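For the sequence shown, the numbering used here begins at 8 and goes up steadily by one.
In case anyone wonders, no lab produced these hints; they're calculated from the structure. All values derive from a computational prediction rather than experimental measurement. Beta carbons: idealized from backbone N, C-alpha and C, even for Gly. Heads up, some of the hints might be wrong.
To be verified - Simulated crosslink set (DSSO-like; lysine-lysine; CA at most 30 Å straight-line):
id : residue 1 : residue 2
1  : LYS254    : LYS211
2  : LYS211    : LYS422
3  : LYS26     : LYS269
4  : LYS254    : LYS269
5  : LYS269    : LYS211
6  : LYS422    : LYS600
Claimed, not checked - Computed Cβ-Cβ distance ranges for the label pairs, DEER-style:
id : residue 1 : residue 2 : range
7  : ALA570    : PRO165    : 27 to 33 Å
8  : GLN385    : VAL70     : 30 to 36 Å
9  : PRO188    : ASP511    : 24 to 30 Å
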Amino acid sequence: MTTADAPVPTPTGELWPGKAYPLGATYDGAGTNFALFSEVAERVELCLFDADGAETRITLPEVDYFVWHGYIPAIEPGQRYGYRVYGPYQPAEGLRCNPNKLLLDPYSKAIDGTFDWNQALFSYDFNEPDSRNDEDSAPSMPKSVVINPYFDWGNDRPPSREYADTVIYEAHVKGLTQTHPDIPEQIRGTYGAVAHPVIIEHLKSLGVTAIELMPVHHFANDSTLVERGLSNYWGYNTIGFLAPDFKYSTGTSPGVQVQEFKAMVRALHEADIEVILDVVYNHTAEGNHLGPTLSMRGIDNAAYYRLVDDDKQYYMDYTGTGNSLNVGHPHSLQLIMDSLRYWVTEMHVDGFRFDLASTLAREFYDVDKLSTFFELVQQDPTVSQVKLIAEPWDVGPGGYQVGNFPPQWTEWNGKYRDTVRDFWRGEPSTLDEFAYRLSGSADLYEHTGRRPVASINFVIAHDGFTLRDLVSYNEKHNEANGEDNNDGESHNRSWNCGAEGPTDDTGINELRARQQRNFITTLLLSQGVPMICHGDELGRTQSGNNNGYCQDSELTWIDWANADTGLLEFTRTVSALRANHPVFRRRRFFSGKPVGRRGRDGLPDIAWFAPDGDEMTDEDWGASFAKSVAVFLNGHGIPGRDARGQRVLDDSFLLCFNAHYEALEFTLPPKEFGAAWNLVVYTGPAETTPADEVPGGGTLTVEPHTAVVLQELPANEA
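Using the sequences and the hints, build the whole thing.
Shown next, in the form of structure tokens:
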């Protein structure tokens, strides 16, 4: 006798019809309403589990609009549950119902337990993919949890901050906090650790205004990784779009992770720091046709996943993970939108970074910025008002869409990353594009009516080399991942400065330190929104591993004990310069037209100069050997505030970049651009630091691989 034929235990208490909305398990103070969508189901059982794992099954008697529902009085927060869905099992037709497999609620607001990977979690026998397996998976499955929705938010309100004033810090909950000596051991690696005063103080000292957390939606550790003694550390393997992952909580009672997540958000908001979530709506942990049956696959496979048109046993894979969510189906879209609204209204988050966002635009086949998903976001009064950041690519055809997302969106600017890396490693023919990236990428965003803040600028993200490794390795070193170093990106645009990996050569180490300062300076003083990857300001290394997705260890955690304090102080200095001067945070693109009328003709808002002091010509921009440039930023007439918060008119700045392997003498612009200049940032060797003051029209030696930032002195001080 199979599990599906087993006698159904008699439930305790009453069962009322309940409501078809909202979906999921909703506690109202007296009982809980359960609602599950399935268009293909013939019967749905709600399965309740006690602390010992004993199961009580209740057939949901009501179905409206393909939503199966029921209300049970006295069911309280902490109750563990799942579903069994009866219906056709015809994989060739895209139908995969199997009531022997316990299923997580797609609307779970908390999930308790882990996956015990074995045959029972799969609907076929391992040695025969076309077979059907009817082993009961309940003992091997985590369970959905009824949560307590009530929380004392106090006077919490989201920080009100424009994009132009935003500095993003991408971080992993555990990687950021696991080794910090001033965080109590029992809370390291948790939501509570992120909210600890020492982490908040660190973020504030860097000028960070928003922390972007790598996935905290409940995710599964892949069986293939578990077998190798590894884990899905990054978390891009979601199985619960409304559930914060319990792996980052300190408590053990089911559902406590919700309260701990809310407490973290409240603490960060008190410190005026926004919370942005990296969300993975493009696929789920159920994988391809040989993956496990954990949730949506067994509930309504064809509604939730994109299937191959002429052979529905297979899945369309635009993500490289085995499946893609079916954003052409209204209930899949509803799940995404309900999830987004939930995280904003109930969890108080301030924005989202959408992993592989191009997949969400594939309503049919091609990427379409007019797809239903974007229309839903545009008209939603809640979701449309938070920060929306796209990772504007996927692995499907035509998936690279940098610059093509709708006006309401900002984007991870992959072209910024590539160009800045190429410029500082001395690649030829990069100067003209470097100028575009430094000035806000108008070539990508201005034609769609967007502003410079549409560009989320980054040199480093979680995926790839750390900043220190970018200047220390020419090749990836991913042997620890157990894939023969075949995983991870091979074209990193990195430069080891003369030796692969750690070296005792003082010259190479000084050059590496200089290059890190160059990247930090360029990132923080470019127009657009800068994103710092956690630990880069501390000199974090992964020993050349550029794909730490499966490494939950000292390899990927920040090593606070060996932090590069010099680089940290340098980063703080440059970030403070950005914060104090709105000329680095412009809300509009440069026009090249005169502003701040000085003399008869005035000065342009931006001007570019060759090292000889002449303004750049088309021929200069096109020269393949050109690796050096100076840029004048006219701050006159731009209102801002100084470090004390007093309203001021901004100053002008001159930024000199020399990516050449030899020192160059820069002739500064004529005195009408500035009578004298004060040195405020210098990335080169300490022993060759220029004089503090340089006269307008004078000369300045800029060392190889060095950036210099000069601030105009007021006329009465010059």
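**Report entry** 30 Å limit on alpha-carbon distance, applied to hinted pair LYS422 and LYS600
**Finding:** 26 Å, holds
Requested in this report: Below or equal to 30 Å on CA atoms is what counts here, so check LYS211 against LYS422.
Outcome: 28 Å, holds
Requested in this report: State, for the Cβ atoms of PRO188 and ASP511, whether the hinted interval 24 to 30 Å holds or is violated.
Outcome: 28 Å, holds
Query - Restraint status (C-alpha distance of LYS269 to LYS211 at most 30 Å) - result: 20 Å, holds
Query raised in the report: Measuring from beta carbon to beta carbon, are GLN385 and VAL70 in 30 to 36 Å?
Result: Because 32 Å falls inside the window, the suggested range holds.
Requested in this report: Confirm or reject the claim that ALA570 and PRO165 have a C-beta distance inside 27 to 33 Å.
Outcome: 31 Å Cβ-Cβ, so the 27 to 33 Å window holds.
**Report entry** Distance restraint between LYS26 and LYS269, which requires alpha-carbon spacing of 30 Å or less
**Finding:** Holds, at roughly 27 Å.
Query raised in the report: Under the criterion that the straight-line Cα-Cα distance not exceed 30 Å, is the pair LYS254, LYS211 satisfied?
Result: The hint holds at about 26 Å.
Report task. Starting from LYS254, check that the Cα of LYS269 is at most 30 Å away, please. Result -> 15 Å, holds
In this structure, every one of the numbered hints holds.
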